[in-house]
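Chemist: Protein chains in written order, with our numbering: chain A, 1 to 189; chain B, 1001 to 1189.
One should not assume that every hint holds.
[Stated by the list, open to error] 30 Å max Cα-Cα, derived BS3-like pairs, lysine-lysine:
no., chain 1, residue 1, chain 2, residue 2
1, A, Lys79, B, Lys1048
2, B, Lys1185, B, Lys1048
3, A, Lys185, B, Lys1048
4, A, Lys48, A, Lys185
[Said to hold, decoys possible] According to the in silico footprint, chain A covers these stretches of chain B (three or more CB under 8 Å from chain A):
no., segment
5, 1006-1014
6, 1055-1063
7, 1070-1079
8, 1178-1187
[To be verified] Pairwise CB distance ranges, derived in the manner of DEER restraints:
no., chain 1, residue 1, chain 2, residue 2, range
9, B, His1046, A, Ser42, 53 to 59 Å
10, A, Ala114, B, Ser1030, 20 to 26 Å
11, A, Ala111, B, Asn1087, 41 to 47 Å
12, A, Pro136, B, Thr1070, 44 to 50 Å
13, B, Ala1074, A, Ala126, 39 to 45 Å
14, B, Pro1136, A, Pro51, 42 to 48 Å
15, A, Ala126, B, His1163, 33 to 39 Å
16, A, Arg184, B, His1163, 49 to 55 Å
17, B, Ser1162, A, Ala45, 23 to 29 Å
18, A, Val4, B, Asp1169, 26 to 32 Å
19, A, Gly75, B, Arg1035, 34 to 40 Å
Read the hints as simulated data drawn from the structure, not as lab findings. Don't be surprised by glycine CBs; every beta carbon is placed ideally from N, CA and C.
2 protein chains.
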Amino acid sequence: MARVGLTTERLVLAGAELADEIGFANVTASALARRFDVAVASLYAHVKNFPELRTRIALLALAELADRATDALAGRSGKDALVALGNVYRDYAREHPGRYAAAHLTLDAEAAAASAGPQHARMTRALLRGYDIAEPDATHAVRLLGSVFHGYVTLEAEGGFSHSAPNSDESWAWTLDALDTLLRKWSTK
Amino acid sequence: MARVGLTTERLVLAGAELADEIGFANVTASALARRFDVAVASLYAHVKNFPELRTRIALLALAELADRATDALAGRSGKDALVALGNVYRDYAREHPGRYAAAHLTLDAEAAAASAGPQHARMTRALLRGYDIAEPDATHAVRLLGSVFHGYVTLEAEGGFSHSAPNSDESWAWTLDALDTLLRKWSTK
DNA sequence: CTATTCTGCCTATAGCTTTTAGGTTAGCGG
DNA sequence: CCGCTAACCTAAAAGCTATAGGCAGAATAG
C-alpha cells in the first residue's frame, strides 16, 4: 500500500492547520488520519498518544509566535516596539486562531520549561527597556502587557467587539496608545 | 427503581460543579450520569444534547458573574468600583475555574443575546461614569478593561504568574492602580 | 542482485463516548 | 383503585482513543 510518508513533524503541522480550520478543540486523531487518508492506528507510530500531539501543536505555535516577535522587535524601541509586538499577537491570532488557542494550552512543568513561553516573557521585558522602568514595576508591567494582549485578542476572537461601533481596529490603536502613555508615566527617566 | 429527581436545573448545576472540579473541557455527559448514578440516556429527557448542556452551564456562569458584579458595584464609584469589579472576575475565576471557563464558551447569536453577556458590558460602562469619559473613548475603555480583567485572570489560571516574584496579588493591585490613573487621565472632568 | 532486516502502515479489537428508539414502572389526579 | 404522564431503563448504532500483532515496501548487507 502506498506509503504516505508520515512523520511526527508532518502530523504536528497538519494538526496545526486543522486547528486553524476547525478549531483546536476539534482536532482529533481520527480527523488527522482522515486528512492523510490513513488508518487512525498508523498515527500511533509517530506520536505516543493524543495529548502529546496537542502539546506538540502548542509548542509549535509558541515557537512560531516567538519567531515573529523576535523579527518584529528587531531594530525597534519605545512605542514602535510596543505596537509591533502587540500586532504580532493580534495578527497571529487572526491568521491562525487554532494555533493561537493551542499556544494557551496549559502545559505540564517540563513541557512549559522547554517551550518558547519564557522567551515571550523575556521579549516583553526587553521591550520595556525602551521605557526604562525599574523593578518590581517592570515585572508588573510585563504581566499587564501580557494580560492586555491576550485578553484583547481572545475577546476579539469570541466576537465581543464586533457587534457595535467603533470598530475593533480603532479600539486596538487606542489601547496601544493608552499603554504607551501609561508606561511612559512609570518611566524613571 | 428509585427515582433520583433529575431536572434540567439540577443537571446544569451539577455540570457546573463538575467543571470546577475536573475542568470545563472534561465535563462529559457520562461523567454527569455517573455523578447521579443514572444511565446516560436518562439525561436526554432533560437536555436536548450535550452542546446544549454546555451552553446552559455557560449561561449559568455568566448570570452568577453578573449577580456578583451588580452587588459589587452597588454604592461604589471611581477607583473603589474599579477594584471591586476587577475582584469579582478574579475571585470568581479562582473559586470556580470551570465555571469561569464556561463563561467564555463562544455562544451562537441567540444564546449570546439572551445571556448576561451584554449586562457585563453595561456594568463596565456604568463604572466608567465615575471617570466621566466621553464617547468613543468610553467604548475603547470598556474594551480595555474587559481585556485586562479577562487576560490577567486567564494567564494567572494558566500559572503564568506563579513562577517568580513578585507574587500575583501585588501585580494585580499594581494593575488596578495603573488602570485607575489611566482612566483619570482620560477623564474630561 | 539477492537476502535480510527494519519499519511504515495495515486489520482487528476493546473500551469509552454521544445519541436515538422503545420499553417499563413510579406516583399523582381523579 | 385506575389510568396517565413522565422518569428512568435497556438495547443498539456510530464515532473516538488506544493496543496488539501482521504484512509488505524500502533500506541495507553481502
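Chemist: Work down the list of hints and note, for each, if the structure agrees.
Modeler: Going through the hints against the structure:
1. Lys79(A) - Lys1048(B): violated, 51 Å
2. Lys1185(B) - Lys1048(B): violated, 51 Å
3. Lys185(A) - Lys1048(B): violated, 54 Å
4. Lys48(A) - Lys185(A): Given that 30 Å is the threshold and the Cα spacing comes to 51 Å, the pair is violated.
5. 1006-1014: Per the Cβ count (0), the hint is violated.
6. 1055-1063: violated (count 0)
7. 1070-1079: With 0 residues close enough to chain A, the hint is violated.
8. 1178-1187: holds (count 5)
9. His1046(B) - Ser42(A): 53 to 59 Å: Violated: the Cβ-Cβ distance is about 40 Å, outside 53 to 59 Å.
10. Ala114(A) - Ser1030(B): 20 to 26 Å: 34 Å Cβ-Cβ, so the 20 to 26 Å window is violated.
11. Ala111(A) - Asn1087(B): 41 to 47 Å: Check failed, 32 Å falls outside 41 to 47 Å.
12. Pro136(A) - Thr1070(B): 44 to 50 Å: Check failed, 34 Å falls outside 44 to 50 Å.
13. Ala1074(B) - Ala126(A): 39 to 45 Å: holds, 43 Å
14. Pro1136(B) - Pro51(A): 42 to 48 Å: Holds, at about 44 Å.
15. Ala126(A) - His1163(B): 33 to 39 Å: violated, 18 Å
16. Arg184(A) - His1163(B): 49 to 55 Å: violated, 28 Å
17. Ser1162(B) - Ala45(A): 23 to 29 Å: violated, 37 Å
18. Val4(A) - Asp1169(B): 26 to 32 Å: violated, 52 Å
19. Gly75(A) - Arg1035(B): 34 to 40 Å: The hinted range 34 to 40 Å is violated for Gly75(A) and Arg1035(B), with Cβ atoms some 57 Å apart.
In this structure, the earlier hints numbered 1, 2, 3, 4, 5, 6, 7, 9, 10, 11, 12, 15, 16, 17, 18 and 19 are contradicted, and the remaining ones agree with it.
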